[in-house]
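Colleague: Each chain is listed here by its residues.
There are 2 protein chains.
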Amino acid sequence: MKVTVVGIGLIGGSIALALKESGFAETVIGVDNKSEHIIKALELKLVDKVLLLPDAIKQSDIVILATPVDSLLTLLPQVLDQVDNQIVIEVGSTKKLVVASVKNHPKRKNYVATHPMAGTEYSGPEAAIRGLFAGKCSVFCDVEDSDPTAVETIKRLYEEGMNMRIVYLDSVSHDVHTAYISHISHICSFALAQTVLDKEKEEARIFELASGGFDSTVRLAKSSPDTWIPIFRQNRENIIDVLDEYINTLLTFKGLMLSGSYDTFHKKLEHANDIRRILK
Amino acid sequence: MKVTVVGIGLIGGSIALALKESGFAETVIGVDNKSEHIIKALELKLVDKVLLLPDAIKQSDIVILATPVDSLLTLLPQVLDQVDNQIVIEVGSTKKLVVASVKNHPKRKNYVATHPMAGTEYSGPEAAIRGLFAGKCSVFCDVEDSDPTAVETIKRLYEEGMNMRIVYLDSVSHDVHTAYISHISHICSFALAQTVLDKEKEEARIFELASGGFDSTVRLAKSSPDTWIPIFRQNRENIIDVLDEYINTLLTFKGLMLSGSYDTFHKKLEHANDIRRILK
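Residue numbers (the UniProt record's numbering), protein chains in the order written: chain U, 1 to 280; chain X, 1 to 280.
Derived by calculation from the structure, the hints in this document are not laboratory data.
Among the hints, a few may not be true.
Where chains are identical, the list cannot tell them apart; a pair therefore holds if satisfied intra-copy or between any two copies.
Below, a list of computed lysine to any residue pairs in the SDA-like style, where the Cα atoms sit at most 20 Å apart [to be verified]: (1) Lys2 <-> Lys20; (2) Lys268 <-> Arg219; (3) Lys2 <-> Glu21; (4) Lys45 <-> Asp241; (5) Lys268 <-> Ile247; (6) Lys40 <-> Tyr122; (7) Lys267 <-> Asp170; (8) Lys254 <-> Pro225; (9) Lys199 <-> Asp274; (10) Lys199 <-> Glu245; (11) Lys199 <-> Asn248; (12) Lys254 <-> Asp244; (13) Lys254 <-> Ser224; (14) Lys268 <-> Ser35; (15) Lys254 <-> Glu237.
Start from the sequences and build out the full structure, keeping to the hints where you can.
Modeller: This is the structure in C-alpha cells:
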C-alpha cells in the first residue's frame, strides 16, 4: 500500500512508523505545511518522501489526515474533492463536527472516520514514537456511511498495520465518551498546573519537593494548546457537562471537609478506589 | 544502628529496605498492629524481626513512625514517653498538628520531624519497593526544636541510608506547600475517578478506550483512604484554599468556552505549559 500522512507530528509520525515497520505500507509519503516538520520527518526517517498534498493524494491508496481537529473541517472536504478511488481517514479526537463537514460530499463513502486512542503530552515529529498504538483501541465512527470495502481495508490498517483493536461507536457517542475518558483529564491537568504555578512563586525551591504523584496529575499540562484548544472548542458541550459534574464532586469533597464529615468522605474515596478494577 | 519501623506499609517497608540495603541499619525491627502486616513483612524480609512496641523501643537507637497521620497525634507522645536516648522520627505528610502534639513534651529534643517526599498509589507491606526514595527530597521541619546531634544522625539516615536530599522548612510552610504539590493532586484524582465512574455505566466497554492520559490523571485515586482522609483532615484549611483556587481556574476555563474566547483560553494553556520547565 502507498500511504500519505498529512500532519507529521506525534500522531501522524507514530502512525507512519507503525505502518512502515509492520510492512502494511510499502511507501509512506509525508505532507505538512510547516517546513521544519518536513525537514525533521525526513531526518528522522518517519516518511520515505515528502510531496505537496495534490501530488501525494494522486500517488496514494490511502490518505491519513493527522492535523488538529479545527483544520480537518476544511481539509477533509478539500481532500475528498481530489480523490478518485483513494480511501481517506482522519484520526481526530472529536468526531461529530468532522463527520458533519462531509455529510453530503459525493465522495463520502471513500472516507472512514477513526480515532486511534493513544498519545503523549509531547508534540511535533520529534515526539513520534514506535509502538505508541500497540495494544490500544481505535474507534470507528458511523461506518454505515462508508464503503464496506474501504472499512475493511482500514480495519486491516489498524489491526495488522498498527496492532490495534477496533471499537465501533456512532460519532455523537464517541464525543460524549471521549469527553469523560480523555478531554476532561487534559482540562484538569492544565487547570492544576496553572493553579500551582500561580501560587508557588518560589518555584525552584518548592517544586524540587514534588514527586511522582504531582508529576502524574500535571503531566498532561505539557500538551500543545494548538492540538487541544480545537478539541475543547469542537466538543465544548460535552466537556462543559463533564466539567460541571467534576466541579460538583470537588464542591462535595470541600463540603465534607468543612462539615467534618470524614466518614462520608472516606466512603466517597472508597468508591473512587473502584477505578482499581479498571486501571491495570 | 538498630532501627525500629512502626507501620510496615508502603512507606515504612520501603524505608526498611533502603536502610538495610545501604548498611545504615544493621538491624531493622518491625512493629505493626495488623497481624497480616507483621506476617507479610517477615515473609518479604522487609524487617529482621518483629516485636511489640515497648520492646522494640528499648532495643533501638532510632524509632521511625510510619503510620497514618491521625494515629501519630497519640502515638508520637506515647513513644517519646518511653524513650531514653533513642531518637524518634515520623514521616507523615502533614506536620503542623503532629509537631504541636509534642510541643511541650520533656523529650521533644529526641524527636525530629521529617517528610520523605515519595510514594505510590499502593499501600501495605506488599507495596514496599526498593529505591522509592533515591534522588528525592526529605523535608526536615522545625529543626531548632530538636537536639542538633539527633538532627545530624537523621540527616545521615536520609542522605547515606536512603540517598535523599534534605530541605528545611518550618512545619506551617511545609503544610502549605504540600497542599499544592501533593495533597491537591490526590483530591483532583479522587474526584475525577468518582465523576467518571458515576457517569460511565457501560464501564468495561468504554474504559478499554482510555489510554495513558486518563490513567495518569486518575492513578492516584487508587490510593488508600485510610492514609489520605487523615491527611485531608489535618491539612484541611490549606487544602480548601488550594481547592478554591483550583475550582476558580476550572470555572474560568468553563467561562472562556461558554463565551467562545478561545484565544484567551489558548494563552492560559500556554501559561500552564510552563510546567514543562519544572517537570523533567
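Colleague: Each hint needs a verdict: does it hold in this structure or not?
Modeller: Evaluated hints:
1. Lys2 <-> Lys20: within (10 Å within a copy, 59 Å between copies)
2. Lys268 <-> Arg219: Classified as between; 16 Å across copies, 25 Å inside a copy.
3. Lys2 <-> Glu21: within (14 Å within a copy, 56 Å between copies)
4. Lys45 <-> Asp241: Neither: 42 Å inside a copy, 50 Å across copies.
5. Lys268 <-> Ile247: both (15 Å within a copy, 19 Å between copies)
6. Lys40 <-> Tyr122: within (15 Å within a copy, 41 Å between copies)
7. Lys267 <-> Asp170: Close neither inside one copy (36 Å) nor across copies (33 Å); limit 20 Å.
8. Lys254 <-> Pro225: For Lys254 and Pro225, only the inter-copy Cα distance (16 Å) is at most 20 Å; the intra-copy one is 30 Å.
9. Lys199 <-> Asp274: The answer is between: 13 Å across copies meets 20 Å, while 32 Å in one copy does not.
10. Lys199 <-> Glu245: For Lys199 and Glu245, the Cα distance is within 20 Å only across copies (9 Å; inside one copy 25 Å).
11. Lys199 <-> Asn248: between (23 Å within a copy, 13 Å between copies)
12. Lys254 <-> Asp244: Both: 15 Å inside a copy, 9 Å across copies.
13. Lys254 <-> Ser224: between (31 Å within a copy, 19 Å between copies)
14. Lys268 <-> Ser35: Cα proximity of Lys268 and Ser35: none, with 51 Å in one copy and 27 Å across.
15. Lys254 <-> Glu237: between (26 Å within a copy, 10 Å between copies)
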